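K.L.:
This is what each chain is made of:
Number of protein chains: 2
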Amino acid sequence: MYIRKQRLLTPGPTPLYPPALHAMMAADIHHRTEEFRKIYRSCLADLKEMMGTAHDVLMFAASGTGAMDASVSNLFSRGDKVVVCSAGKFGERWVEIAKAYGLEGDVLTAPYGEVVTPERVEAALAAEPATKGVFVQASETSTGAMHDVRAMAQAVAKTGAIFVVDAITGFGTMPLDIDGWGIDVAIGGSQKAFMIPPGLAFMSVSPKAWKMGETSTLPHYYFNLKKEKKSGDAGESSWTPATAMILALAEALRYIKQIGMANLIVNAQMLAQATRAAVTALGLQLFAPGSPGSSVTAVKAPQGMDSGVIVKEFRNRFGAIIANGQGTMKGQIFRLAHLGYFDFADLFATIAGLEIILNANGYSVQYGTGVAAAQQVYAQAAVKPQPVTA
Amino acid sequence: MYIRKQRLLTPGPTPLYPPALHAMMAADIHHRTEEFRKIYRSCLADLKEMMGTAHDVLMFAASGTGAMDASVSNLFSRGDKVVVCSAGKFGERWVEIAKAYGLEGDVLTAPYGEVVTPERVEAALAAEPATKGVFVQASETSTGAMHDVRAMAQAVAKTGAIFVVDAITGFGTMPLDIDGWGIDVAIGGSQKAFMIPPGLAFMSVSPKAWKMGETSTLPHYYFNLKKEKKSGDAGESSWTPATAMILALAEALRYIKQIGMANLIVNAQMLAQATRAAVTALGLQLFAPGSPGSSVTAVKAPQGMDSGVIVKEFRNRFGAIIANGQGTMKGQIFRLAHLGYFDFADLFATIAGLEIILNANGYSVQYGTGVAAAQQVYAQAAVKPQPVTA
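Protein sequence lines, in the order shown, are assigned to chains A and B.
All the letters of the first sequence, read from the start, carry residue numbers 1 to 390 under the working numbering.
All the letters of the second sequence, read from the start, carry residue numbers 1 to 390 under the working numbering.
In isolation and in its complexed conformation, chain A is listed as follows (with noise of 0.2 Å):
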């Protein structure tokens, strides 16, 4: 038994930021202190900045599809029309939430690997008036692909529904301009390209969403966003925060305003492109060509290799964890991530292990071809080094 480290390229959880992880140790505070709100009120007003939206902005002590379901129950009712934009693992939770609700859907599917047009939710609502909402997801976390969102709003914004984004990838990954394109609720998790382990949901929420949630008739409790608005106006979360997560998050915004938000995402996009290019110049088939998003690529294993023995590999050989394929997808496709707290020399070491994976696997490659391809990515970006203050 050699050493080899933990490392985790999923995408969520996705490796920690250090100072974030440190900063839960100081979670022998109580929550209904100055000291606190000063804290939960500084996350709210970072998150609003980080998500650049001027809308309402609220935080809840769950995974991201605990916020999906409160977008739900909080803002529509029984019966409501809705269209539900499915092409992936995560567009058929849409579906699953919806149905639990007793929402009339109209799933607009698209096979795995490939996205929703926004043509066809501009059909869809052009075909049904009385559409109360649209779901989607911004980036399809189980393919790899990434929605129009643009575009969709845009249709959207037309009409009376309200435009509900699952943007739990997409943050950090890709351009979302809530307020500008008219994104009325927009969801995020804190254990994406935030950098804080799983527990913490965001969501924002539009003044038309707001409206939209005043006849609402569905029952919640937990999940109850204007008494969560309520108590973020005055510092406070609802009920018992999760205080050494809250820590994490403060500290890792701190780190990301640092960065920018912009940069984020072009730190995503140029990892995504060089993920690319590599497993391109390594003879793979990447899984969502046509819509490629920049949190996870998803790959083709090759003719006759099951993904598993990959992801198995990656394991055994580096300690490190990547994604299988989902539902039908599984053994079909490895997933490469790049959200959040990944690099480039994160990225030449997952390339360099996969191509000793595929050569110890019957599926020959000559060594540092695909590294060679990142590596050219990361020049012609022009990354330029950027001098060490701290």
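One should not assume that every hint holds.
Remember, identical chains collapse to one label, so a pair may be satisfied in a single copy or spanning two.
Within a straight-line C-alpha distance of at most 30 Å, the following computed DSSO-like cross-link-like pairs (lysine-lysine) qualify [claimed, not checked]: (1) 5 / 257; (2) 312 / 5; (3) 38 / 5; (4) 257 / 312; (5) 208 / 257; (6) 89 / 158.
Just so you know, the hints here were simulated from the structure itself, not pulled from any lab data.
Since we're looking at a predicted model, the values are computed, not measured.
Please build the complex by placing chain B on the supplied structure of chain A, with the hints as guidance.
P.N.:
Here is chain B on its own, set in the frame of chain A:
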């Protein structure tokens, strides 16, 4: 500004084993309790096992230099004749310590990058039969060179002198049979292959060394080997111990036992071999090709390039700290470490980064060339996937 993780690629401090770092958080413990004595005793027992010796092992709240100092102030007397091997900055430190305590040193120097041969030690001992001690570095960190400690030990064992080995970067990077070869004092430090921060020094003391210590007349107080031995037997330290560091050590030793000291050494040796292959494939020259150690590899900067540029570029481009040359070698060489908590993924990333830096600074290399050479070493070393059991 983009994401750029801080990475320690230096021969000390070395990368920290995260569970050891986290264990430091339990330092709200009192050192004069049975709870702490249990931990202290187990650390001493595990250190003995890891160092592979039945001799006494002592621990100090000090850096490695403190234990070097202690070996002289506790075992020798003013005017004692000693042989000091000096093949770099740390050999020079032995010279300084011997001088500070008034020992009469026969200094055997070798140019930086070379080593002192066992034959020279043997000759020096023959020339001065009254020699009381021989001092050497197992691994000379400033140049990456490794001394033939085994052959030297055999030469010393035949005489009345004791053999004092600075094994600070030797432990965990080269075989050291303390009892079998006859190493009377072997010194280690926490921030090397032990994977924790600086702050603890370790020392083994042979019966022959204890005997010599009986006639020592040099003054000392904090570093008192006899007192420390007595304290250690009682599960205590003589003075206030660095509790957080010892909690970290306990956790790291648990991991090193799991890896196995022999495998830890092979790990460093494989990484060192791969590093040499990589830099050679890039057309660079090793600084200590004759006796390359496995703690750190010193590499000559390309003709006309200050090695400080490479050091600075690693920091600014990749957030990675590599070591410059020390003393007169500053600007001439750079040093890539691979001792302790290092793995192949670290190395691949380091070499890919080096290739980018060389290209960006006028020394043209083909991307992937060095990485491929390192990958070949990985493949030829037949590093097998190790099922993850945790």
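K.L.:
Cα distance capped at 30 Å. Does residue 208 pair with residue 257 within a copy, between copies, both, or neither?
P.N.:
within (28 Å within a copy, 61 Å between copies)
K.L.:
From the Cα coordinates, with 30 Å as the cut-off, is the pair residue 38 and residue 5 best called within, between, both, or neither?
P.N.:
Between copies only: 29 Å across chains, 37 Å inside a chain, cut-off 30 Å.
K.L.:
At 30 Å max between alpha carbons, let me know whether residue 89 reaches residue 158 within a copy, between copies, both or neither.
P.N.:
Classified as within: same-chain Cα gap 28 Å, cross-chain 74 Å, threshold 30 Å.
K.L.:
Treating 30 Å as the Cα threshold, decide for residue 312 and residue 5: within, between, both or neither.
P.N.:
For residue 312 and residue 5, both the intra-copy (15 Å) and inter-copy (26 Å) Cα distances are at most 30 Å.
K.L.:
Please work out whether the CA atoms of residue 257 and residue 312 approach to 30 Å or closer within one copy, between two copies, in both situations, or in neither?
P.N.:
between (36 Å within a copy, 25 Å between copies)
K.L.:
How would you label the pair residue 5, residue 257 (within, between, both, or neither) given a Cα cut-off of 30 Å?
P.N.:
both (29 Å within a copy, 16 Å between copies)
Consistency with the previously given hints is maintained throughout, with no hint failing.
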